[in-house]
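Once you've looked at the hints, dock chains B, C and D against the given chain A.
Number of protein chains: 4
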Amino acid sequence: MVFILYPNVKKEKIDSFISGWEQKGFSTILSIGTEHTAVCLIGNTAEVDLDHAVQTSEIVSYGKRITEQYKAVNRTVHEDNTIIRVGGVSVGEGYFTVISGPCSVESEEQILEIALSVQKSDAKILRGGAFKPRSSPYAFQGRQAQGLEMLKTVKRKTGLPIVSEIMNQTQIELFEEIDIVQIGARNMQNFDLLKEVGKLKKPVLLKRGLANTIDELLMSAEYIVSAGNGQVILCERGIRTFETMTRNTLDLSAVVLLKQKTHLPVIADPSHASGIRSLVPPLAKAALAVGADGIMVETHNNPAKALCDGAQSLDLNQFENLMDELKIRAAVEKKEI
Amino acid sequence: MVFILYPNVKKEKIDSFISGWEQKGFSTILSIGTEHTAVCLIGNTAEVDLDHAVQTSEIVSYGKRITEQYKAVNRTVHEDNTIIRVGGVSVGEGYFTVISGPCSVESEEQILEIALSVQKSDAKILRGGAFKPRSSPYAFQGRQAQGLEMLKTVKRKTGLPIVSEIMNQTQIELFEEIDIVQIGARNMQNFDLLKEVGKLKKPVLLKRGLANTIDELLMSAEYIVSAGNGQVILCERGIRTFETMTRNTLDLSAVVLLKQKTHLPVIADPSHASGIRSLVPPLAKAALAVGADGIMVETHNNPAKALCDGAQSLDLNQFENLMDELKIRAAVEKKEI
Amino acid sequence: MVFILYPNVKKEKIDSFISGWEQKGFSTILSIGTEHTAVCLIGNTAEVDLDHAVQTSEIVSYGKRITEQYKAVNRTVHEDNTIIRVGGVSVGEGYFTVISGPCSVESEEQILEIALSVQKSDAKILRGGAFKPRSSPYAFQGRQAQGLEMLKTVKRKTGLPIVSEIMNQTQIELFEEIDIVQIGARNMQNFDLLKEVGKLKKPVLLKRGLANTIDELLMSAEYIVSAGNGQVILCERGIRTFETMTRNTLDLSAVVLLKQKTHLPVIADPSHASGIRSLVPPLAKAALAVGADGIMVETHNNPAKALCDGAQSLDLNQFENLMDELKIRAAVEKKEI
Amino acid sequence: MVFILYPNVKKEKIDSFISGWEQKGFSTILSIGTEHTAVCLIGNTAEVDLDHAVQTSEIVSYGKRITEQYKAVNRTVHEDNTIIRVGGVSVGEGYFTVISGPCSVESEEQILEIALSVQKSDAKILRGGAFKPRSSPYAFQGRQAQGLEMLKTVKRKTGLPIVSEIMNQTQIELFEEIDIVQIGARNMQNFDLLKEVGKLKKPVLLKRGLANTIDELLMSAEYIVSAGNGQVILCERGIRTFETMTRNTLDLSAVVLLKQKTHLPVIADPSHASGIRSLVPPLAKAALAVGADGIMVETHNNPAKALCDGAQSLDLNQFENLMDELKIRAAVEKKEI
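Residue numbers (the numbering used here), protein chains in the order written: chain A, 1 to 337; chain B, 1 to 337; chain C, 1 to 337; chain D, 1 to 337.
The following block holds chain A by itself, in its conformation from the complex (with noise of 0.2 Å):
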């Protein structure tokens, strides 16, 4: 249940308004958002007289029920598009920003070539796994800590906000410098660990687990949201079905109804969706096209000695014409990138 206020209530108004409901032990959200402000009630409001409640409180100007679960994510409850800022870069309606880098660093030199090449080609964000999640224990697994110390070096020398995936909550103080914390697909409900990075005072980018439902995403935001932290990215990066020829699916509509449904940034990933780089241009440009905010994409300064993803990396050439095509066709969307 949501009830939207008049405009310029007071804030003593709105403390004792949502004090008079916690005391009947609801939870509440506020929003306060450019056109309205909104307070959300949490828990069974089944047995709430609506009308009731908006007719003998003086700053409720209309309420409505919300059937969906999330509720701090939910539009209904706040209209408003967020967009999110980080280091000079917005992610959000409005623009299309393009994440870049390798599925993982492999050393400084590395990842530095990639982060300038790219930067020159307009991503605005680096990209860069030290932990890895892989299938099998053999696989190589990234060079963690390590990994995070070398993109953080080339932070210094190129300026770009950083996006890593952390795998579990005792790392926490090792992504501190990171701006951005990204939650992999095969995390999007290890909930305790949704938890921590709600307590964060930084974005974080959310995958859609491989079989996981556009509600289920959503909820998984509401823990990070409802914890306290409203930077939520959210990356659709393809599902699993019957089919084999791509690596995933990627499920564009999801794109679509997230704007939808949700305040929150949506990206989609092409590279991991896909698994194949012939694909990925054609699904970036997609991608732009459905209405998603950006895009993350691997790239690579050598592809076929890649330790992880090759197959689906562009190599800086490909990138660089890549971004040529999303910058024509985002003038035309009127997104800036």
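In case anyone wonders, no lab produced these hints; they're calculated from the structure. The structure presented is a predicted model; accordingly, all values stated were derived computationally and were not measured. Keep in mind that the hints are not guaranteed to be accurate.
Any copy, or any two copies together, can satisfy a pair, since identical chains are not distinguished.
List time: in silico SDA-like cross-link candidates among lysine to any residue, alpha-carbon distance up to 20 Å [claimed, not checked]:
1) Lys13 x Lys202
2) Lys120 x Leu50
3) Lys202 x Asp309
4) Lys261 x Ser135
5) Lys195 x Gln169
6) Lys335 x Glu325
7) Lys261 x Tyr138
8) Lys13 x Asp122
9) Lys24 x Lys305
10) Lys195 x Ile172
Chains B, C and D alone, transformed into the frame defined by chain A:
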């Protein structure tokens, strides 16, 4: 196994080459393109010595083995894009052909009003279901033969080529004046029907089955082409996955892969894929961006009262707006709409 | 909406009750069981006042609304288990009927040898494909009409009832002496074919489609039963999922649910479900344990040389051993094998 | 690559053989079985000359290459079935061990009542969730550490070994007195958690992820076993498919395949797989018939008031009846219940 011939080989020499292989028990496919002419062998080619076969023929430039089970539709055998011409309209590389109309023909007035409107918005082909495959025997089964008559009348009045779905092989005569025969998703592996439409001299629109792989779609197309009818348009229309928020999951990666693997035109159907009106325009733009040769979009003059699939139908204004958006983007993609 | 009648109502009264509803525009299904007789209305029953309808009829004991779209196959309408009798064999509750034979009829010798052997092991019905639906046009398409002749010969020699797959409605006359007509998974939603076999006076074995829900299977059965043929055997044969180690995923929960929701017999096909010989015996035992009314198992006198599906076929010894194992377990389940 | 040693080779010779390979950069797994002792190499074995390696060692009987990525859990490396002993209970080949208890520990009274009842019915291990992974942050999250205390109390009173789910690696100390640590489906690829439980000296119950393949499950088990903990019980608990009538689709073929590919015990969870009480008994019997080494079944003293998953919980009578049915069938399968 495919043999690429030298340029300008005389017909008699090709015939003699082919009959030589057929005497050894192979079937053959002759593919004449602008760049090269190719002869493809069907049968147990594992035992053929490729090098010897190339060296001992005076007309063969080179040969290669084809691992895929589809041959006639394989781009390796036939490099040139197939452009299908129907009633003055082209479908294939360089074009973005929009097919529009109602899910179901309801009355002559209905289909005429829709046809005139979508034609004005630059749709090039009219769709309309006369025989409707419905999960329940108690659901509206379409206007049947009468529906086809209405379509023909509207075709005469507007000049628009018509596409409508055939449900079984006994209906073939009824479709004589229908320009394009559609094989629906549920019939994609109705192999006897595929063989029958393979004998026709008109284009076939073949939709991907709900749970069929890209390879299976290509093999179903091979049934038609190998039976003599090279005019096949493939259509990605969403696959069945665990996600329930959309009716199906539109697999745009499949469009890219199909364009790589076959020379046949490939279109997308965002209406059936999503089942949700508000998703149709963004998915249509994504289909264009990803490289599809066209789309099939359901429109209705009164979606709220449609006898079938109203929830996914655009009204005539919405369709006009979509076409305006597509025209701007088709120019960027250098495609004629 | 279904009306349960009082016991021993005279036929004229029932006829008059039915014709009353038909005059109001409803279709009806009359279901006569051992426990009760029911009349089910088809049509827009939302506008019917159920209480009023019950109270104003002297023959109706009580009525209830049916939310499912399937009516004639619905256990709510028809409580008694349907037992299908064919050539002295029973299929349905209380029996565990084993259908066995090769994927494909190859020669009279082959099918006769297999038939005699599986009969000795107490298989009660012989299967053999004459028309084979194959993904590739270049794969073995079956012995066709000739294959049916071989089956008929073997039927005369052994007395075993025969089941074979029909691929389209023009073949119906060819199946005149075939005891059970099989609708394959790819044709489960070939609605015109369903309507045609609905006119037959012989059992139909309806296989679940690779990506069809339990509800859709029941609605396809409804096409046949509502067309007049109540002798339908449902077959769970594996669904298409992301798992690739098996050909499909046998869904034994579906067997339980189908038995709850419909009065029709339900069998399982562990051969096509798994595609792996060593999985067939354990899955067959599981099908018995879960409550299936039988199984269809592929056997071959020489699996290594089978023209089709050899990898999933049991040899004749393996089948005999499986039958020995099943007999012990059928006794525990109190089922006649 | 695995080397099977001659019988009765002295320990020093084996150690020397192993250290020889480790000096060349390989990791090794030593597997000591009743029939044979094997040494498995991990690393780039493609460059090892197998024949030469066998011929030049005096302790190697023969060797073979292993194509699978899992080694320590591979039956090729370790032929003998692993039987896990916990609190006097055995899990593995020859046994059909029933684990039972509520989805969630609610109170000491609740868990004690259930424990005493299921123990009387011959369940051998008690389950009870203390930390509950829930899709929504607003759903009941379990009694947490307090719940574990309740379980320990009940363990002392009944003597039943306890299994409960761990959600992250910081909880490991809390589980000290819990007999079996469960890794839930959502954590199957939480690789850091797998490594941590790999250091424990107690059994781990590893559930298959909703969208994880059989191969991926085996590789997750390999994470635990290769980290030093060989006591892993695998659990098939249903996969996510397009079918919505059941919560998930129980994949009993996976049980058979797992038993073929690994020496670890394999059980099934019909409660979470189906989500429907009436399906649990037939699926439990099917799991026994297919060859599972046990089941995990949710029971509750008052399912209608359960805080979690009541719809799939058996009441205590239903569980007793199920156990009676299972005992008869376990005798047929020559398994100790």
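Here is how each hint holds up against the structure:
1. Neither within a single protomer nor between protomers do Lys13 and Lys202 lie at most 20 Å apart by alpha-carbon distance, with minima of 30 Å and 56 Å respectively.
2. Taking the shortest alpha-carbon separations for Lys120 and Leu50, neither the intra-copy value of 55 Å nor the inter-copy value of 48 Å comes in at or below 20 Å.
3. In this assembly of identical chains, Lys202 and Asp309 lie within 20 Å of each other by CA distance neither inside one copy nor across copies; the values are 28 Å within and 35 Å between.
4. For the identical chains of this complex, Lys261 and Ser135 are inter-copy neighbours only, at 17 Å across copies versus 33 Å inside a copy, given an alpha-carbon limit of 20 Å.
5. Taking CA atoms no more than 20 Å apart as the test, Lys195 paired with Gln169 passes in both settings, with 9 Å inside one copy and 14 Å between copies.
6. Both within a single protomer and between protomers do Lys335 and Glu325 lie at most 20 Å apart by alpha-carbon distance, with minima of 14 Å and 15 Å respectively.
7. In this assembly of identical chains, Lys261 and Tyr138 lie within 20 Å of each other by CA distance solely across copies; the values are 19 Å between and 41 Å within a copy.
8. For the identical chains of this complex, Lys13 and Asp122 are neighbours neither inside a copy (47 Å) nor across copies (57 Å), given an alpha-carbon limit of 20 Å.
9. In this homomeric assembly, Lys24 and Lys305 never come within 20 Å of each other (Cα to Cα): the closest approach is 61 Å inside a single copy and 23 Å across copies.
10. Taking the shortest Cα distances, Lys195 and Ile172 sit within 20 Å of each other both inside one copy (12 Å) and across copies (18 Å).
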